[in-house]
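Protein sequences, first through last, are from chains A and B. Position 22, counted from 1, in the first sequence is what this note's numbering calls 22; the numbers after and before it change by one each time, with no gaps. Position 169, counted from 1, in the second sequence is what this note's numbering calls 169; the numbers after and before it change by one each time, with no gaps.
If you're looking for bench data, these hints aren't it; they were derived computationally from the structure. You may find that some hints are simply not true.
Here are some chain A residues pointing at chain B (derived, C-beta under 10 Å) [what the hints assert, rightly or not]:
| id | residue |
| --- | --- |
| 1 | Asn6 |
| 2 | Cys13 |
| 3 | Asp51 |
Covered stretches of chain A (in silico footprint by chain B; criterion: 3 or more residues with CB under 8 Å from a CB of chain B, positions within the stretch not fixed) [stated by the list, open to error]:
| id | region |
| --- | --- |
| 4 | 17 to 31 |
| 5 | 129 to 139 |
Below, simulated EDC-like cross-link-like pairs (lysine to aspartate or glutamate); rule was C-alpha separation at most 16 Å, straight line [what the hints assert, rightly or not]:
| id | chain 1 | residue 1 | chain 2 | residue 2 |
| --- | --- | --- | --- | --- |
| 6 | A | Lys33 | B | Glu150 |
| 7 | A | Lys52 | B | Asp423 |
| 8 | B | Lys366 | B | Glu17 |
| 9 | B | Lys155 | B | Glu134 |
| 10 | B | Lys366 | B | Glu148 |
| 11 | B | Lys289 | B | Asp198 |
| 12 | A | Lys124 | A | Asp51 |
| 13 | A | Lys36 | B | Glu17 |
| 14 | B | Lys155 | B | Asp205 |
| 15 | A | Lys36 | B | Glu16 |
| 16 | B | Lys366 | B | Glu157 |
| 17 | A | Lys77 | A | Asp51 |
| 18 | B | Lys444 | B | Glu134 |
| 19 | A | Lys33 | B | Glu16 |
| 20 | A | Lys124 | A | Asp78 |
Note that the Cβ used here is the ideal one computed from N, Cα and C, for glycine as well.
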Amino acid sequence: MRVQSNPEYCLGCGLCRLYCAAAHDGYDGNLLKAFKRGTPQPRADLIVRNDKSWLNTCRHCHNAPCINACLTGALQKDDQGIVFIDSQRCVGCFTCVMVCPFGHIQPSRDSYRVVKCDLCRDQKGIPACVSFCPNGALSLTEEVETR
Amino acid sequence: MTLSLLTPAFSVGRNEERCIRCGVCVNQCINQVHHLDEDGFMWVTEKNCVGCHRCAVLCPTQALTITRFPLDFRPNQYWSADSLREIYRQAESGGVLLTGMGNPRPYRSYFDHLLLNASQVTNPSIDPLREPMELTTYLGDHSAGLSEAEKPLLKLEIPVMFSAMSYGAVSLNVQKSLARAAREMVTYWNTGEGGLHDEVKEYADCTIVQVASGRFGVSPDYLNNAAAIEIKIGQGAKPGIGGHLPAEKVSPGVAQTRMIPAWSDAISPAPHHDIYSIEDLAQLIETIKVATDFQKPVAVKVAAVHNISAIASGIVRAGADIVAIDGFRGATGAAPLRIRDNIGIPIEMAIAQVDQRLRDEGIRPKASLVSAGGIRNSADVVKILALGADAVYIGTAALVALGCHLCQTCFTGRCNWGIATTDRQLSKRLNPEIGAMRAINLLKAWEHEIKEMMGGMGINAVDSLRGNRLMLKGIGLEQHELDLLGVSPAGA
Chain A
1 MRVQSNPEYC
11 LGCGLCRLYC
21 AAAHDGYDGN
31 LLKAFKRGTP
41 QPRADLIVRN
51 DKSWLNTCRH
61 CHNAPCINAC
71 LTGALQKDDQ
81 GIVFIDSQRC
91 VGCFTCVMVC
101 PFGHIQPSRD
111 SYRVVKCDLC
121 RDQKGIPACV
131 SFCPNGALSL
141 TEEVETR
Chain B
1 MTLSLLTPAF
11 SVGRNEERCI
21 RCGVCVNQCI
31 NQVHHLDEDG
41 FMWVTEKNCV
51 GCHRCAVLCP
61 TQALTITRFP
71 LDFRPNQYWS
81 ADSLREIYRQ
91 AESGGVLLTG
101 MGNPRPYRSY
111 FDHLLLNASQ
121 VTNPSIDPLR
131 EPMELTTYLG
141 DHSAGLSEAE
151 KPLLKLEIPV
161 MFSAMSYGAV
171 SLNVQKSLAR
181 AAREMVTYWN
191 TGEGGLHDEV
201 KEYADCTIVQ
211 VASGRFGVSP
221 DYLNNAAAIE
231 IKIGQGAKPG
241 IGGHLPAEKV
251 SPGVAQTRMI
261 PAWSDAISPA
271 PHHDIYSIED
281 LAQLIETIKV
291 ATDFQKPVAV
301 KVAAVHNISA
311 IASGIVRAGA
321 DIVAIDGFRG
331 ATGAAPLRIR
341 DNIGIPIEMA
351 IAQVDQRLRD
361 EGIRPKASLV
371 SAGGIRNSAD
381 VVKILALGAD
391 AVYIGTAALV
401 ALGCHLCQTC
411 FTGRCNWGIA
421 TTDRQLSKRL
431 NPEIGAMRAI
441 NLLKAWEHEI
451 KEMMGGMGIN
461 AVDSLRGNRL
471 MLKGIGLEQH
481 ELDLLGVSPA
491 GA
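All chains, full assembly: derive it from the sequences and hints.
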């Protein structure tokens, strides 16, 4: 399972990243609290090239390079196929940052660990980016690439 | 030019406690109203704001409010703020004032002066959830006798069709949305005069193709790749004048579909230069019928003007199977403001008069009557059907369902909602899957409401509503208006 971007309908508005940031780090979807009081960090990048834009987010690969490279077993795949990080075990070696072929995993801004897309698995529903996309350019797909 | 005397039309308010400097307003406004610099300082250029609400709707924290610019002129009943601003604009530009969408002036709306009947005691009302209720409508020539071959008819499961809106005036995604909705709801969408783009050819079974004075994109394939053909003589927003798609909107896709050079003005003449009389119209109708092997009904669309009943009678006698009449509230992608605001007559009067005239002359079964221009909701549909129309065209209502906020600047080609534009980036803003779903929802909602209103009147088929003016009462109308509408006053 992963979030798929359709550049045909992506407006490049960036709402996906805002809602993504507010959905994580304990802000519980509260945009105002996240952006006025906190240090929100979106788990995905909006890429704009010429007249196309799309959301570059985790592919949740089969045989994911980040999981293979993780020294401490912090990066794991759950039974739904979601690649997520157990922050308690992350030591901030950033090996995963280097091996991710899509440049998706980022160092956290405020602690010595990494952050990545977890498809909002804690909230048990459609990921925030997909549900708040104003133009239906993001969707959940079962297609996952094998590395 | 020296200092402009025009002050902004709208004021953009930003609640600083809510603004999170996300920049969505900046990247969504094509008119460049919002600015954000690298220091996080935000400012607005209010004179660019057209009041389309794109920024306010997409603002994730509802930090924005758009209000009328609070600069009042000294009160004057005669010289309104609009009339002063229009003079300032012309004194600066020296040009004809352009505008978009329909006539917004406070002329009397007869829809708002008509009330519907309901059954009480003496005849039962019908619950559409429990009993069958039929909205199926057939448009075309119903006059064939028992021994004659039936004429081609259009079958509608809801008597509401989508008005002609050309690719060029609107984006291809609008046409795709409406075409999908028309197929789903078993009704029709209309290509307008801009030809048929390859990507919407698959919707032939629910497409009405238009032949207008510019003849853009017309070919035998075009005529045959449709359920019906409509000859457009005039349109409610600008009766008597032609069309002008500005060169900026003639993108390569539009150019290919219209069969004209890209980035050149697409000008439709005011009249059809081969139609100077009813006899000429009869020739074109016959030509089109021959070209389509008599398999498709031919419609003729005219604007509602002074002698509309005589004109409609001529059109029916010229062989049209459907007469579409567009009232003075009908909208457009671009029209001179004075034309839009001052020409034509109300559709309610036109339909009532034409229906009566065709009945009096015994030719009503020869053609169906379609009402266009200014249908806002399902009650308007029911009222116009009771005044004599067979079906309605909706244009503005359909676009509003897709996101239009009636800012009336369609003619600029810079539609923030991706509707009245051919710009590739802006067109993306309307995802046809979402557009189709919203248009389908609108028609489904109206279908339920029409059935409820018909059920209340004790009517279970739309055939019994058509021209049934006993179901209407006028309120607040003068006697001559009641006579023209053919309805009695409330209480009588």
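Original post:
Going through the earlier hints one by one, which of them does the structure break, listed in rising order?
Top reply: Numbers 6, 8, 11, 12, 16, 17, in rising order.
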